[in-house]
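Here's the letter readout for the chains.
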Amino acid sequence: DTAVSQTPKYLVTQMGNDKSIKCEQNLGHDTMYWYKQDSKKFLKIMFSYNNKELIINETVPNRFSPKSPDKAHLNLHINSLELGDSAVYFCASSPGTTKETQYFGPGTRLLVL
Amino acid sequence: GNSVTQMEGPVTLSEEAFLTINCTYTATGYPSLFWYVQYPGEGLQLLLKATKADDKGSNKGFEATYRKETTSFHLEKGSVQVSDSAVYFCALNGWGYGNKLVFGAGTILRVKS
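In the order they appear, the protein sequences are chains A and B.
Just so we're on the same page, my numbering is the position in the first sequence counted from 1, plus 660.
Just so we're on the same page, my numbering is the position in the second sequence counted from 1, plus 2.
If we strip away everything but chain B, and leave its shape as in the complex, we get (with noise of 0.2 Å):
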């Protein structure tokens, strides 16, 4: 079955470092991939998206690449702030009727100053 896995947190980084958060995922056919943020006490954001090989999703200074000849998604952002501290969530959907969401275990991300 469909299945999403991330690098295990918490991610430490001072103000204004580089991030990455590392995805891979394994499904059918051809998913669309997502990454959602949570901020704390909050429901979950669309962080950004790609539904393709090669797409780029892109927003608030963050990116990532749809890269199916090694299963991946990961998170980047050139500069990180104290207010992106959050837990991110890299997801799947498939192929297919239903659209189920299949989330990877989040990754907390803490941001000091």
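One chain only, chain A, in its complex shape (with noise of 0.2 Å):
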């Protein structure tokens, strides 16, 4: 059983699309997280939902909207897709929202072309 699933695993697209990718988790988690990992593997955190409500938003630019239809799911859409958004998103979860463990799902790596 997957804990924290990610789709699609890999996207390709064009600059200037937006597309979207959506994170689903079993583990009846309150808070639900958005990572980004670079190219150099520096992971930086971008936004964080808990029960369905933003509650960390990381001066992420605003072609990226996270969406939570309940606190089992949290999508990420980004529209206008330029060069610098190839990445590896990495979709996370925890209990709650005070020091606790995150649980990563295996990520969605997107390159922009």
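Note that these hints are calculated values from the structure, not bench results.
Some clues are possibly wrong.
Said to hold, decoys possible - Below, simulated DSSO-like cross-link-like pairs (lysine-lysine); rule was C-alpha separation at most 30 Å, straight line:
| no. | chain 1 | residue 1 | chain 2 | residue 2 |
| --- | --- | --- | --- | --- |
| 1 | B | K54 | A | K727 |
| 2 | B | K54 | A | K682 |
| 3 | A | K669 | A | K700 |
What the hints assert, rightly or not - From chain B, some residues computed to sit far from chain A (all C-beta separations above 10 Å):
| no. | residue |
| --- | --- |
| 4 | T7 |
| 5 | M9 |
| 6 | E17 |
| 7 | N24 |
| 8 | T28 |
| 9 | Q40 |
| 10 | T53 |
| 11 | A55 |
| 12 | F64 |
| 13 | E65 |
| 14 | S74 |
| 15 | H76 |
| 16 | G80 |
| 17 | V84 |
| 18 | S85 |
| 19 | R112 |
Glycine residues also receive a C-beta, built at the ideal position from the N, C-alpha and C atoms.
Hints in hand, dock the two standalone chains.
In structure tokens, the structure reads:
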């Protein structure tokens, strides 16, 4: 049973397109996250939702819009894709919001041409 | 703000060698500390964690001790295997609402047979 799953695993698209990445967790957690890993493997948080409410938004361009239809899902929509958006995007979840272990999905490898 | 510094890699070792990957942190309050591992082409897996000073986290032969006096959380393993080849990330999440993980830059470990 996959705890945190993401689709698609790979995404290749042209500059200027709009794309979405989906994330689902079956751990019963209240909090979900999006992280970006750049080409040098550096990881940085983008967003966090707790019970469908946005609680962290880390100076991410407004072309990125997260949406949480329920606490088990957190999707990431990206408008007008740019070359610099090429990265691996990881979804994660945790039980709550205070110093707890986060469990990561397998990642979505996005390549913008 | 909170930050994590890891030793630069890549670290290349022969099988059965002793491993140390240094990690130091800067944080307000009393963060929880984590080591995550990323095998080639995969997502992040929690390796071990410690939630308070002098705690030792351990898993799969890896150990790290939370040292508040030196603000360190060095990862060690007595005898590495080829299958330990991966990228290792030190991370913290700090006090306060949000549970944001702050990662170090990652250390690539290569183990030769």
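Status of the hints after comparison with the structure:
Taking the CA atoms of K54 of chain B and K727 of chain A, the gap is about 34 Å. The hint is violated against a cut of 30 Å. Of the supplied pair hints, the one linking K54 of chain B and K682 of chain A is violated, its CA atoms being roughly 35 Å apart against a limit of 30 Å. For the hint linking K669 of chain A to K700 of chain A, the alpha-carbon distance of about 19 Å falls within 30 Å, and the restraint holds. Residue-level check passed: T7 of chain B sits 13 Å from the nearest beta carbon of chain A, beyond 10 Å.
No Cβ of chain A comes within 10 Å of the Cβ of M9 of chain B; the nearest lies about 14 Å off, and the non-interface call holds. The claim that E17 of chain B is not at the interface with chain A holds, since no C-beta of that chain comes within 10 Å of its own (minimum 24 Å). Every beta carbon of chain A lies more than 10 Å from that of N24 of chain B, the smallest distance being close to 17 Å; the non-interface claim holds. Every beta carbon of chain A lies more than 10 Å from that of T28 of chain B, the smallest distance being close to 16 Å; the non-interface claim holds.
For Q40 of chain B, the condition that its CB be more than 10 Å from all CB atoms of chain A is violated, with the nearest at approximately 8 Å. Against the 10 Å criterion, T53 of chain B falls within the reach of chain A, whose nearest CB is about 7 Å from its own CB. With 10 Å as the threshold on Cβ separation, the claim that A55 of chain B sits away from chain A holds: the shortest Cβ distance comes to roughly 14 Å. With a closest Cβ-Cβ approach of about 16 Å to chain A, F64 of chain B is found to remain outside the 10 Å limit, as its non-interface label requires.
With a least CB separation of 17 Å from chain A, E65 of chain B remains clear of the 10 Å interface cut-off, as annotated. Non-interface status of S74 of chain B relative to chain A is upheld: no Cβ of that chain comes within 10 Å, the nearest being about 18 Å off. Every beta carbon of chain A lies more than 10 Å from that of H76 of chain B, the smallest distance being close to 20 Å; the non-interface claim holds. Look at G80 of chain B: its CB is around 25 Å from the nearest CB on chain A, clear of 10 Å, so calling it non-interface holds up.
Every CB of chain A is more than 10 Å from the CB of V84 of chain B (nearest about 20 Å), matching its label as outside the interface. Annotated as non-interface, S85 of chain B keeps its C-beta farther than 10 Å from every C-beta of chain A; the closest such distance is 19 Å. Remark: the non-interface label on R112 of chain B is consistent with the geometry, its nearest Cβ contact in chain A lying 14 Å away (cut-off 10 Å).
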